[in-house]
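Protein chains: 2
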Amino acid sequence: MYQMSGNCLVGQSGGPTAAINASLSGVIKQALNSSLIKEVYGTINGIEGVINKNIIDLAKTFISDNDLELLKHTPAAYLGSCRFKLPTVDLNDNKIYTQIFDTFKEYGIRYFFYIGGNDSMDTVMKLNHYAQKISYPIHIIGIPKTIDNDLQVTDHTPGYGSAAKFIATSVLEIAKDSEVYNVDSVVIIEIMGRNAGWLTAASALAKSNYSDSPDLIYLPEVPFSIDKFIKDIKEVQKRKKNVVVCVSEGLKDASGKYICESVSSGLIDVFGHKALGGTGKVLEETVRNKRKCKVRSVELNVLQRCAAHIASLTDINEAYEIGKQAVICAEAGNTGKMMIFKRQPDKEYGVSIEAVDINLIANKEKLVPREWINEEGNYVTDELIRYMKPLIMGEPKLTMKDGLPVYLTRPNI
Amino acid sequence: MYQMSGNCLVGQSGGPTAAINASLSGVIKQALNSSLIKEVYGTINGIEGVINKNIIDLAKTFISDNDLELLKHTPAAYLGSCRFKLPTVDLNDNKIYTQIFDTFKEYGIRYFFYIGGNDSMDTVMKLNHYAQKISYPIHIIGIPKTIDNDLQVTDHTPGYGSAAKFIATSVLEIAKDSEVYNVDSVVIIEIMGRNAGWLTAASALAKSNYSDSPDLIYLPEVPFSIDKFIKDIKEVQKRKKNVVVCVSEGLKDASGKYICESVSSGLIDVFGHKALGGTGKVLEETVRNKRKCKVRSVELNVLQRCAAHIASLTDINEAYEIGKQAVICAEAGNTGKMMIFKRQPDKEYGVSIEAVDINLIANKEKLVPREWINEEGNYVTDELIRYMKPLIMGEPKLTMKDGLPVYLTRPNI
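Chains as they are written, first to last, in the numbering used here: chain A, 8 to 420; chain B, 8 to 420.
Rather than coming from a laboratory, the hints here were simulated on the basis of the structure.
There may be inaccurate statements among the hints.
Since the list gives no way to pick out one identical chain from another, each pair is judged satisfied if it fits inside one copy or across any two copies.
Stated by the list, open to error - Here are the simulated DSBU-like cross-link-like pairs (lysine-lysine), alpha carbons at most 30 angstroms apart as the crow flies:
id: 1; residue 1: 140; residue 2: 67
id: 2; residue 1: 247; residue 2: 67
id: 3; residue 1: 301; residue 2: 264
id: 4; residue 1: 404; residue 2: 214
id: 5; residue 1: 408; residue 2: 112
id: 6; residue 1: 299; residue 2: 264
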């Protein structure tokens with residue numbers, strides 16, 4: 008494609024993270040400095056805002072570097088988000104596409120940046136496909152974002168490092184908390200990730216020469232057996248009073264059934280309890296009945312994706328940079344691509360940022376490779392730990408007021 | 008009493024906090040510098056360690072100021088904790104007391120410091136009582152510690168400020184997370200506190216000129232009505248899409264029954280669900296059935312008492328100082344007292360540290376005054392907010408390694 012001048016539009020989509028606004032900040036910063044891009048617009052609630060013409064002028068909001076710095080550290084999606092799947096491109100039945108491209112025309116959009124996960128990249132792919140079909144001149148670039156770290160091709164995704172840092176810190180602190188009483192105990196920490204175990208794996212970072220927990224880690228990539236799980240705990244209890252176990256919310260048994268659903272399957276209610284709720288609660292009841300010791304389950308819940316107060320500086324800086332690079336990539340004439348991180352092969356950690364064909368990413372999922380999980384399926388390997396470690400390095404300097412971090416307020420639409 | 012020289016023993020008891028080790032650090036620092044105190048011992052798992060002679064030499068562990076600084080910021084109880092109630096003093100049946108005072112004699116203990124909550128102060132009171140009965144020369148001083156902030160006489164308790172800061176920060180971040188989608192939603196955040204609402208009240212600190220959540224706050228001091236609760240939510244939904252509600256785990260109905268127990272009382276299962284678990288989960292199910300919108304409940308769980316990475320510097324410094332002052336108070340000849348904070352009446356926040364008779368504290372509970380809760384019983388007053396605000400100020404400078412805070416490892420006993 009060719010270079011062209013015009014206005015730009017940026018949106019956010021999918022689940023919030025602590026770093027998604029850093030990418031938005033990067034896009035705005037670079038777009039405001041661009042010689043090709045004139046106006047810098049934001050769409051409210053992702054592609055829904057494009058359909059409904061819910062568009063704001065970001066140049067009016069972000070006039071100072073201080074605003075952009077605050078935005079960089081604000082968790083969740085400043086522009087709002089959506090979960091919206093575009094229909095397959097069909098020129099005979101294209102009402103939604105017509106609405107979207109009407110908005111593009113009305114606002115003179117020649118650059119569209121969409122920050123999101125693999126579902127959002129489906130949107131990027133389809134919009135690009137449609138633009139080519141109707142020969143509409145526009146550069147459409149996807150910017151990765153997901154705490155799940157499950158996007159293909161890229162070494163890792165913005166948002167993952169901060170979530171991993173919150174998880175590792177919390178596991179470390181919960182482990183300290185669990186060991187104060189002189190009684191046998193098991194703590195089960197439930198971590199997000201329905202299919203991919205990257206987040207649960209991050210709990211391993213809590214283990215160091217000053218903490219020997221967690222003791223067991225179960226990822227959804229390996230079929231989960233309750234009998235084996237109880238046997239594993241029994242084994243750890245031979246050498247340790249206080250056991251810390253980290254489990255993915257998405258654990259499934261050999262038949263592919265979620266453990267958190269097994270309560271209704273009769274697998275758990277033999278113990279006399281019916282439990283609603285998550286994997287952690289189900290396993291808590293199981294351990295209580297089988298091991299007769301003190302048991303607690305802790306669900307880290309949404310803080311995993313919004314605890315910006317313990318974000319990874321590496322993650323925030325990379326998310327900001329990949330936002331800037333997306334603009335540069337579009338200015339150079341690219342479209343239908345997603346930006347990725349490529350890890351430098353040197354000993355010292357570093358990444359380069361490149362662009363790849365969106366078709367390699369959209370609707371695909373990257374799971375933890377089986378060889379990065381130990382043979383028993385109850386811990387991760389050193390290689391996986393080495394992969395994760397640099398991603399949680401560094402702490403952002405937050406602006407504090409009255410003892411709390413200052414975060415930007417969402418525009419009132 | 009009179010001044011005397013001898014050895015000192017320090018222990019920790021009750022639930023962990025982010026600040027209890029700061030008080031331990033203060034005791035050790037002051038005791039090591041004391042001209043009256045010779046050896047500085049620690050008891051493992053509180054009074055249980057005194058009974059079982061599980062005693063360590065702290066002077067050997069904490070030889071550098073750096074160690075004491077790390078200890079200051081390490082969450083949970085470094086010496087381990089216990090929940091152990093001493094029997095009423097009875098000289099005709101005093102086996103446990105004999106064991107305890109045998110240990111005191113064997114180790115030459117003339118100073119005993121016990122860091123804990125109102126149950127632990129019962130221990131201080133009884134030991135002091137027994138010492139007087141048998142005319143055993145010892146100075147016994149209680150050092151307050153509880154995230155619940157429910158001790159009498161003292162303006163507030165060490166540990167509360169850090170828990171309040173974690174709660175306020177998390178509520179702020181969860182509120183940001185809750186508002187990204189363009190759908191009606193209710194988030195219910197369950198906060199610790201079975202009887203006292205101080206912790207749940209701290210959620211109000213999240214409200215500022217850059218965040219308008221939480222919308223509703225329910226403390227256990229006011230009888231809870233599910234009908235009123237649903238009406239309150241309906242009212243907020245008239246002006247707001249995303250509602251954030253903070254509830255204490257200890258909410259009770261007018262008859263004094265815990266809401267989390269109401270599932271088995273038939274109050275909830277009319278909605279077709281039986282729920283195990285906490286107040287938040289019960290209310291989540293209720294709102295889902297009554298309001299037909301997206302609902303989520305989040306239990307902040309044990310991170311409230313161990314999230315040292317977001318501790319309040321004010322809290323940590325005060326906890327350290329009250330530990331030091333306890334030693335000075337004992338050296339001056341006092342016994343059977345607990346150290347307290349007295350807030351200075353000036354505009355600028357500050358506290359003085361004093362000692363009061365332990366009988367004023369032990370086994371008593373300080374609830375949130377009714378006049379610090381609004382008339383409707385669904386929010387807190389500005390006066391309560393002014394009371395809490397200074398307690399969460401400031402952030403400790405943590406030692407970080409590999410992206411995580413460095414915390415001390417508990418002695419391996």
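Tested hints:
Proximity of residue 140 to residue 67 under the C-alpha cut-off of 30 angstroms is found in neither arrangement, the shortest distances being 34 angstroms within a copy and 77 angstroms between copies. In the homo-oligomer, the alpha carbons of residue 247 and residue 67 lie at most 30 angstroms apart only across protomers (25 angstroms), although the nearest pairing inside one protomer, at 59 angstroms, exceeds that limit. For the identical chains of this complex, residue 301 and residue 264 are neighbours both inside a copy (28 angstroms) and across copies (25 angstroms), given an alpha-carbon limit of 30 angstroms. In this assembly of identical chains, residue 404 and residue 214 lie within 30 angstroms of each other by CA distance both inside one copy and across copies; the values are 25 angstroms within and 22 angstroms between.
With identical chains, the CA atoms of residue 408 and residue 112 are never at most 30 angstroms apart, being 42 angstroms at best within one copy and 51 angstroms at best between copies. For a Cα distance limit of 30 angstroms, the shortest separation of residue 299 from residue 264 qualifies both inside one copy, at 26 angstroms, and across copies, at 28 angstroms.
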